[in-house]
Amino acid sequence: MTASRRALRLGVCCVAALSWSVGADAQNLSRKTCAEAASRGQVLRDEGKLIEARARFVTCAQPGCPPLIQKDCAEWQTNVDARLPGVVVAVKDVGGRDIGTATVQMDKRPFPQSADGRAVPVDPGKHLFRAVAEGFVATEVEAVIREGERARAVQIVLPRIGGEPATKPVLVEPPPEVPASGVGPLPWVFAGLGIAGLGAGTLLYLSAKSDFDALAGPGGCKPRCTDGDVSPVETKATLSYVAFGIGGAAAITSIILFATSGGTRVRAGASGSGAAASFEGHF
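The opening residue of the sequence shown carries number 6 in our numbering; numbering runs sequentially from there.
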(Lines of atoms letter the chains of each structure in order from A and count residues from 1; the text may use other names and numbers.)
(Lines give C-alpha, C1' and ligand atoms only; values in the text may rest on other atoms or scores of the structure.)
Protein backbone atom coordinates (compact mmCIF):
# COMPACT_ATOMS: atom_id res chain seq x y z
CA MET A 1 0.00 0.00 0.00
CA THR A 2 1.40 3.34 -0.98
CA ALA A 3 1.87 6.16 1.48
CA SER A 4 -0.77 8.31 -0.21
CA ARG A 5 -3.40 5.62 0.09
CA ARG A 6 -2.67 5.07 3.78
CA ALA A 7 -3.05 8.79 4.41
CA LEU A 8 -6.45 8.82 2.68
CA ARG A 9 -7.71 5.96 4.82
CA LEU A 10 -6.62 7.65 8.00
CA GLY A 11 -8.47 10.81 7.02
CA VAL A 12 -11.71 8.94 6.37
CA CYS A 13 -11.50 7.23 9.75
CA CYS A 14 -10.93 10.52 11.54
CA VAL A 15 -13.94 12.13 9.87
CA ALA A 16 -16.16 9.18 10.79
CA ALA A 17 -15.04 9.27 14.40
CA LEU A 18 -15.63 12.99 14.62
CA SER A 19 -19.12 12.64 13.12
CA TRP A 20 -20.09 9.92 15.63
CA SER A 21 -18.86 12.06 18.53
CA VAL A 22 -20.91 15.08 17.44
CA GLY A 23 -24.03 12.92 16.92
CA ALA A 24 -23.71 11.43 20.39
CA ASP A 25 -23.39 14.86 22.00
CA ALA A 26 -26.45 16.10 20.09
CA GLN A 27 -28.46 13.07 21.20
CA ASN A 28 -27.49 13.58 24.84
CA LEU A 29 -28.44 17.29 24.62
CA SER A 30 -31.87 16.36 23.17
CA ARG A 31 -32.57 13.98 26.04
CA LYS A 32 -31.63 16.63 28.56
CA THR A 33 -33.88 19.21 26.92
CA CYS A 34 -36.80 16.78 26.87
CA ALA A 35 -36.35 15.85 30.51
CA GLU A 36 -36.10 19.48 31.61
CA ALA A 37 -39.21 20.42 29.59
CA ALA A 38 -41.19 17.57 31.12
CA SER A 39 -40.10 18.42 34.66
CA ARG A 40 -40.65 22.17 34.32
CA GLY A 41 -44.00 21.65 32.61
CA GLN A 42 -45.34 19.69 35.56
CA VAL A 43 -44.29 22.42 37.99
CA LEU A 44 -45.93 25.13 35.90
CA ARG A 45 -49.09 23.05 35.55
CA ASP A 46 -49.37 22.61 39.31
CA GLU A 47 -48.88 26.37 39.78
CA GLY A 48 -51.81 27.09 37.47
CA LYS A 49 -49.62 28.49 34.70
CA LEU A 50 -51.23 26.34 32.08
CA ILE A 51 -50.08 28.28 29.02
CA GLU A 52 -46.38 27.94 29.87
CA ALA A 53 -46.89 24.34 30.97
CA ARG A 54 -48.50 23.50 27.65
CA ALA A 55 -45.53 24.95 25.75
CA ARG A 56 -43.16 22.72 27.74
CA PHE A 57 -45.28 19.63 27.12
CA VAL A 58 -45.39 20.37 23.39
CA THR A 59 -41.58 20.41 23.42
CA CYS A 60 -41.10 17.12 25.22
CA ALA A 61 -43.84 15.40 23.20
CA GLN A 62 -41.84 15.76 19.97
CA PRO A 63 -40.64 12.60 18.18
CA GLY A 64 -36.98 13.46 18.97
CA CYS A 65 -37.56 12.82 22.70
CA PRO A 66 -37.31 9.39 24.32
CA PRO A 67 -40.52 7.36 23.84
CA LEU A 68 -41.38 7.25 27.55
CA ILE A 69 -41.02 11.02 28.01
CA GLN A 70 -42.77 11.64 24.73
CA LYS A 71 -45.78 9.53 25.79
CA ASP A 72 -46.12 11.20 29.20
CA CYS A 73 -45.81 14.71 27.77
CA ALA A 74 -48.48 14.01 25.15
CA GLU A 75 -50.91 12.89 27.88
CA TRP A 76 -50.09 15.92 30.03
CA GLN A 77 -50.63 18.22 27.08
CA THR A 78 -54.08 16.72 26.46
CA ASN A 79 -54.97 17.23 30.12
CA VAL A 80 -53.83 20.86 30.06
CA ASP A 81 -55.78 21.52 26.86
CA ALA A 82 -58.95 20.36 28.59
CA ARG A 83 -58.34 22.62 31.58
CA LEU A 84 -57.10 25.69 29.72
CA PRO A 85 -59.79 28.42 29.69
CA GLY A 86 -60.39 30.97 26.96
CA VAL A 87 -61.65 34.57 27.09
CA VAL A 88 -63.59 36.68 24.61
CA VAL A 89 -63.41 40.40 25.45
CA ALA A 90 -66.14 42.65 24.06
CA VAL A 91 -65.69 46.42 24.32
CA LYS A 92 -68.93 48.40 23.91
CA ASP A 93 -70.29 51.87 24.52
CA VAL A 94 -73.18 52.56 26.87
CA GLY A 95 -75.57 52.03 23.99
CA GLY A 96 -74.36 48.48 23.46
CA ARG A 97 -72.45 49.21 20.22
CA ASP A 98 -69.05 47.58 19.63
CA ILE A 99 -65.98 49.84 19.76
CA GLY A 100 -63.68 48.36 17.15
CA THR A 101 -60.84 50.82 17.81
CA ALA A 102 -60.41 49.83 21.45
CA THR A 103 -57.21 48.26 22.74
CA VAL A 104 -57.28 45.84 25.63
CA GLN A 105 -54.79 44.89 28.32
CA MET A 106 -54.88 41.97 30.71
CA ASP A 107 -52.86 42.36 33.90
CA LYS A 108 -51.11 45.41 32.36
CA ARG A 109 -49.99 43.42 29.31
CA PRO A 110 -51.41 43.68 25.78
CA PHE A 111 -54.30 41.31 25.27
CA PRO A 112 -54.65 39.99 21.72
CA GLN A 113 -58.09 40.69 20.31
CA SER A 114 -59.23 37.99 17.90
CA ALA A 115 -60.55 39.52 14.69
CA ASP A 116 -63.05 36.71 14.22
CA GLY A 117 -64.28 36.82 17.82
CA ARG A 118 -62.64 33.58 18.94
CA ALA A 119 -61.60 32.94 22.52
CA VAL A 120 -58.00 33.69 23.54
CA PRO A 121 -56.40 31.14 25.92
CA VAL A 122 -55.49 32.52 29.36
CA ASP A 123 -54.34 31.08 32.66
CA PRO A 124 -57.09 30.45 35.22
CA GLY A 125 -57.42 32.88 38.10
CA LYS A 126 -58.20 36.53 38.75
CA HIS A 127 -57.34 38.93 35.93
CA LEU A 128 -57.67 42.68 35.44
CA PHE A 129 -58.86 43.78 32.01
CA ARG A 130 -58.45 47.38 30.86
CA ALA A 131 -59.91 48.87 27.68
CA VAL A 132 -58.88 52.17 26.09
CA ALA A 133 -60.40 53.93 23.08
CA GLU A 134 -60.12 57.46 21.73
CA GLY A 135 -62.99 59.64 22.90
CA PHE A 136 -63.94 57.26 25.70
CA VAL A 137 -63.07 56.93 29.38
CA ALA A 138 -60.62 54.09 30.04
CA THR A 139 -62.35 51.38 32.06
CA GLU A 140 -61.13 48.38 34.03
CA VAL A 141 -63.00 45.17 34.76
CA GLU A 142 -61.85 42.42 37.12
CA ALA A 143 -62.88 38.85 36.36
CA VAL A 144 -62.12 35.44 37.82
CA ILE A 145 -61.51 32.96 34.99
CA ARG A 146 -62.06 29.34 35.94
CA GLU A 147 -60.52 26.20 34.52
CA GLY A 148 -62.51 24.64 31.71
CA GLU A 149 -64.31 27.85 30.69
CA ARG A 150 -63.76 27.54 26.98
CA ALA A 151 -65.24 30.89 25.91
CA ARG A 152 -65.69 33.12 28.93
CA ALA A 153 -67.25 36.44 27.87
CA VAL A 154 -65.86 39.60 29.49
CA GLN A 155 -67.69 42.79 28.56
CA ILE A 156 -66.18 46.23 29.14
CA VAL A 157 -68.46 49.25 28.75
CA LEU A 158 -66.72 52.55 27.96
CA PRO A 159 -68.59 55.78 28.70
CA ARG A 160 -67.97 58.59 26.26
CA ILE A 161 -65.82 61.49 27.49
CA GLY A 162 -68.12 64.35 28.42
CA GLY A 163 -71.14 62.09 28.57
CA GLU A 164 -73.29 60.63 25.87
CA PRO A 165 -74.55 63.01 23.16
CA ALA A 166 -77.97 64.38 23.84
CA THR A 167 -80.71 62.71 21.89
CA LYS A 168 -83.83 64.39 20.61
CA PRO A 169 -86.69 63.72 23.00
CA VAL A 170 -89.36 61.49 21.64
CA LEU A 171 -92.88 62.67 22.25
CA VAL A 172 -95.09 59.84 23.32
CA GLU A 173 -98.74 60.35 22.60
CA PRO A 174 -100.97 59.46 25.53
CA PRO A 175 -103.14 56.45 24.91
CA PRO A 176 -106.66 57.27 23.75
CA GLU A 177 -109.25 57.38 26.42
CA VAL A 178 -111.37 54.30 26.51
CA PRO A 179 -115.04 55.21 26.82
CA ALA A 180 -117.02 53.76 29.62
CA SER A 181 -118.33 50.34 28.88
CA GLY A 182 -121.93 51.50 29.47
CA VAL A 183 -124.61 49.58 31.25
CA GLY A 184 -123.48 46.30 32.70
CA PRO A 185 -125.62 43.21 33.21
CA LEU A 186 -126.48 43.91 36.86
CA PRO A 187 -129.12 46.64 36.23
CA TRP A 188 -130.86 44.36 33.75
CA VAL A 189 -130.92 41.54 36.29
CA PHE A 190 -132.62 43.74 38.87
CA ALA A 191 -134.98 45.08 36.20
CA GLY A 192 -136.04 41.57 35.26
CA LEU A 193 -136.47 40.64 38.92
CA GLY A 194 -138.58 43.74 39.49
CA ILE A 195 -140.85 43.03 36.54
CA ALA A 196 -141.26 39.40 37.61
CA GLY A 197 -142.03 40.38 41.20
CA LEU A 198 -144.56 43.05 40.28
CA GLY A 199 -146.17 40.74 37.72
CA ALA A 200 -146.48 37.88 40.19
CA GLY A 201 -147.85 40.21 42.84
CA THR A 202 -150.46 41.53 40.43
CA LEU A 203 -151.63 38.06 39.43
CA LEU A 204 -151.83 36.91 43.05
CA TYR A 205 -153.69 40.05 44.04
CA LEU A 206 -156.25 39.69 41.24
CA SER A 207 -156.75 36.00 42.07
CA ALA A 208 -157.24 36.76 45.78
CA LYS A 209 -159.70 39.57 45.01
CA SER A 210 -161.65 37.30 42.66
CA ASP A 211 -161.90 34.64 45.35
CA PHE A 212 -162.99 37.23 47.91
CA ASP A 213 -165.70 38.55 45.61
CA ALA A 214 -166.93 34.99 45.07
CA LEU A 215 -167.21 34.42 48.80
CA ALA A 216 -169.00 37.72 49.33
CA GLY A 217 -171.28 37.52 46.29
CA PRO A 218 -174.49 35.64 45.63
CA GLY A 219 -174.09 32.00 46.48
CA GLY A 220 -171.09 32.72 48.65
CA CYS A 221 -170.57 31.68 52.22
CA LYS A 222 -170.53 35.18 53.68
CA PRO A 223 -171.20 35.79 56.54
CA ARG A 224 -170.89 32.10 57.55
CA CYS A 225 -167.52 31.39 55.94
CA THR A 226 -165.24 28.95 57.72
CA ASP A 227 -161.48 29.17 58.12
CA GLY A 228 -161.12 26.64 55.33
CA ASP A 229 -162.96 29.01 52.98
CA VAL A 230 -161.07 32.13 53.99
CA SER A 231 -157.52 30.77 54.48
CA PRO A 232 -156.65 30.29 50.74
CA VAL A 233 -157.78 33.83 49.98
CA GLU A 234 -155.65 35.27 52.80
CA THR A 235 -152.62 33.22 51.67
CA LYS A 236 -152.87 34.58 48.13
CA ALA A 237 -153.23 38.10 49.49
CA THR A 238 -150.13 37.69 51.70
CA LEU A 239 -148.05 36.28 48.83
CA SER A 240 -149.11 39.17 46.63
CA TYR A 241 -147.79 41.62 49.25
CA VAL A 242 -144.43 39.77 49.36
CA ALA A 243 -144.15 39.70 45.55
CA PHE A 244 -144.99 43.40 45.34
CA GLY A 245 -142.30 44.17 47.95
CA ILE A 246 -139.59 42.16 46.21
CA GLY A 247 -140.50 43.47 42.78
CA GLY A 248 -140.65 47.05 43.95
CA ALA A 249 -137.26 46.88 45.69
CA ALA A 250 -135.67 45.27 42.62
CA ALA A 251 -137.20 47.89 40.33
CA ILE A 252 -135.88 50.76 42.49
CA THR A 253 -132.39 49.17 42.58
CA SER A 254 -132.45 48.75 38.80
CA ILE A 255 -133.36 52.42 38.30
CA ILE A 256 -130.47 53.53 40.54
CA LEU A 257 -127.99 51.27 38.71
CA PHE A 258 -129.14 52.51 35.31
CA ALA A 259 -128.74 56.10 36.47
CA THR A 260 -125.17 55.59 37.74
CA SER A 261 -123.80 53.11 35.18
CA GLY A 262 -122.46 55.78 32.81
CA GLY A 263 -119.90 57.21 35.27
CA THR A 264 -118.26 56.17 38.50
CA ARG A 265 -119.27 52.85 39.77
CA VAL A 266 -121.35 53.20 42.89
CA ARG A 267 -123.12 50.85 45.19
CA ALA A 268 -126.81 51.26 45.52
CA GLY A 269 -129.28 49.55 47.72
CA ALA A 270 -132.95 49.80 48.40
CA SER A 271 -134.66 49.30 51.67
CA GLY A 272 -138.11 49.76 53.02
CA SER A 273 -141.34 48.64 51.57
CA GLY A 274 -141.91 48.60 47.85
CA ALA A 275 -145.09 49.08 45.92
CA ALA A 276 -147.91 46.95 47.17
CA ALA A 277 -151.65 46.73 46.79
CA SER A 278 -153.94 45.64 49.52
CA PHE A 279 -157.57 45.00 50.18
CA GLU A 280 -159.43 44.46 53.34
CA GLY A 281 -162.50 42.34 53.98
CA HIS A 282 -164.41 41.06 56.92
CA PHE A 283 -165.93 37.64 57.06
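These aren't lab readings, by the way, just hints derived from the structure by calculation.
C-beta atoms are modelled at their ideal positions from N, C-alpha and C, and glycine is treated no differently.
It cannot be assumed that every hint is accurate.
[Claimed, not checked] Straight-line distance between alpha carbons at most 30 Å, and here's what the computed DSBU-like set of lysine-lysine pairs gives: (1) K76 with K113; (2) K76 with K97; (3) K113 with K97; (4) K54 with K37.
[As the list claims (entries may be wrong)] Per label pair, the in silico range of CB-to-CB distance: (5) G233 with V194: 23 to 31 Å; (6) E145 with V63: 28 to 36 Å; (7) V63 with L133: 24 to 32 Å; (8) E147 with V99: 28 to 36 Å; (9) Q118 with P71: 26 to 34 Å; (10) K37 with K97: 23 to 31 Å; (11) T38 with P117: 22 to 30 Å; (12) T108 with A87: 42 to 50 Å; (13) V194 with D234: 17 to 25 Å; (14) I200 with T243: 34 to 42 Å.
Each hint tested on the structure:
1. K76 with K113: Violated, because 37 Å separates the two Cα atoms, which is more than 30 Å.
2. K76 with K97: violated (45 Å)
3. K113 with K97: holds (20 Å)
4. K54 with K37: holds (22 Å)
5. G233 with V194: 23 to 31 Å: violated (40 Å)
6. E145 with V63: 28 to 36 Å: holds (33 Å)
7. V63 with L133: 24 to 32 Å: 28 Å Cβ-Cβ, so the 24 to 32 Å window holds.
8. E147 with V99: 28 to 36 Å: Because 20 Å falls outside the window, the suggested range is violated.
9. Q118 with P71: 26 to 34 Å: Given a distance of about 40 Å, which is not inside 26 to 34 Å, the answer is violated.
10. K37 with K97: 23 to 31 Å: violated (50 Å)
11. T38 with P117: 22 to 30 Å: Taking Cβ atoms as reference, T38 and P117 lie about 28 Å apart, which means the hint holds.
12. T108 with A87: 42 to 50 Å: violated (31 Å)
13. V194 with D234: 17 to 25 Å: violated (40 Å)
14. I200 with T243: 34 to 42 Å: violated (21 Å)
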